[in-house]
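Q: Quick mapping for you: the protein sequence lines, in order, are chains A and B. Numbering of the first sequence is given in the numbering used here, commencing with residue 19 and proceeding in unit increments. Numbering of the second sequence is given in the numbering used here, commencing with residue 2 and proceeding in unit increments.
One or more hints might be untrue.
[What the hints assert, rightly or not] Restraint-style ranges between C-beta atoms, simulated for each label pair:
1) B:100 / A:38: 21 to 29 Å
2) B:39 / A:36: 24 to 32 Å
3) B:9 / A:62: 16 to 24 Å
4) A:59 / B:72: 26 to 34 Å
5) B:71 / A:26: 39 to 47 Å
Treat the hints as calculated values from the structure; they're not laboratory data. Even glycine gets a Cβ: it sits at the ideal position worked out from N, Cα and C.
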Amino acid sequence: SQQGEEDPQALSIQEGENATMNCSYKTSINNLQWYRQNSGRGLVHLILIRSNEREKHSGRLRVTLDTSKKSSSLLITASRAADTASYFCAAYQTGANNLFFGTGTRLTVIP
Amino acid sequence: EAGVVQSPRYKIIEKKQPVAFWCNPISGHNTLYWYLQNLGQGPELLIRYENEEAVDDSQLPKDRFSAERLKGVDSTLKIQPAELGDSAVYLCASSLFGENTEAFFGQGTRLTVV
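Hey, can you work out the whole structure from these sequences and the hints?
A: This is the structure we're talking about:
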C-alpha cells in the first residue's frame, strides 16, 4: 500500500521554468527521500532530507520538509527537457525502518 | 562497480504458471528490498531483508509469493501460481544498513501474465 501521496499527479512546463512537486506522508519518519524514474527504468536517488532538517539543496534541486504537516516539496529550478521523468517521494518510516513510496508526479518539460 | 542486477528483464507467462525473479544487490549492502510497481503508480514494498533475515514481509501475499535470500547476498522472488493481476514491474533495491542511506534500484523485471 502507498504511504504517501504526491501532488500534482502530472505537471507540464516549458524548458527554463521551475517545477514544484509536493508530497504528503502518513507516519513519523527518520528521513524523506526523493527519487526519479525515467520511463521503463529503475529509480535513481536524488536527495535525502533528515527529519531534523527543514531545507536542503543539491544543484538545481531544493527540498523542504515540514514534519508538523507531514509534507515535503521538491523544487527543480531552470528545468531542462532531460528532467522529463516521474518523481517519487519516499518516507523512511521510524520504527519499521522501511522505505515507503508515494504515488509520483509525472513531469514533462517541453523544449 | 556494478549496480543492482535483476534478471530477467522481461517475462511473459500464462496464468497459473510459476515464475521467479533474481536479484544481485550491490556488494556490501546488507539491506535488500523487493517492490512491486503497477503502471502509473509508485513502488509498493513486498519484503525487506537485513542480511539473510526477512525482517518485514507483512506486505507479501504469502499464499502465492515467496522470497529467499540465501547467504545474505542475492535474492529470489517467486510467484506460484501467477494470476493475471500479478502483471507489473518487480523492482529490487539494496542499501547499506542504517536509516539515512539511499536505496539503489535495479532495472526491474516486467512480468506479463496472459
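Q: Each hint needs a verdict: does it hold in this structure or not?
A: Structure-based check of all given hints:
1. B:100 / A:38: 21 to 29 Å: holds, 27 Å
2. B:39 / A:36: 24 to 32 Å: holds, 30 Å
3. B:9 / A:62: 16 to 24 Å: holds, 21 Å
4. A:59 / B:72: 26 to 34 Å: With Cβ atoms ~29 Å apart, the hint holds.
5. B:71 / A:26: 39 to 47 Å: holds, 43 Å
Checked against the numbered hints listed earlier, the structure breaks none of them; every hint is satisfied.
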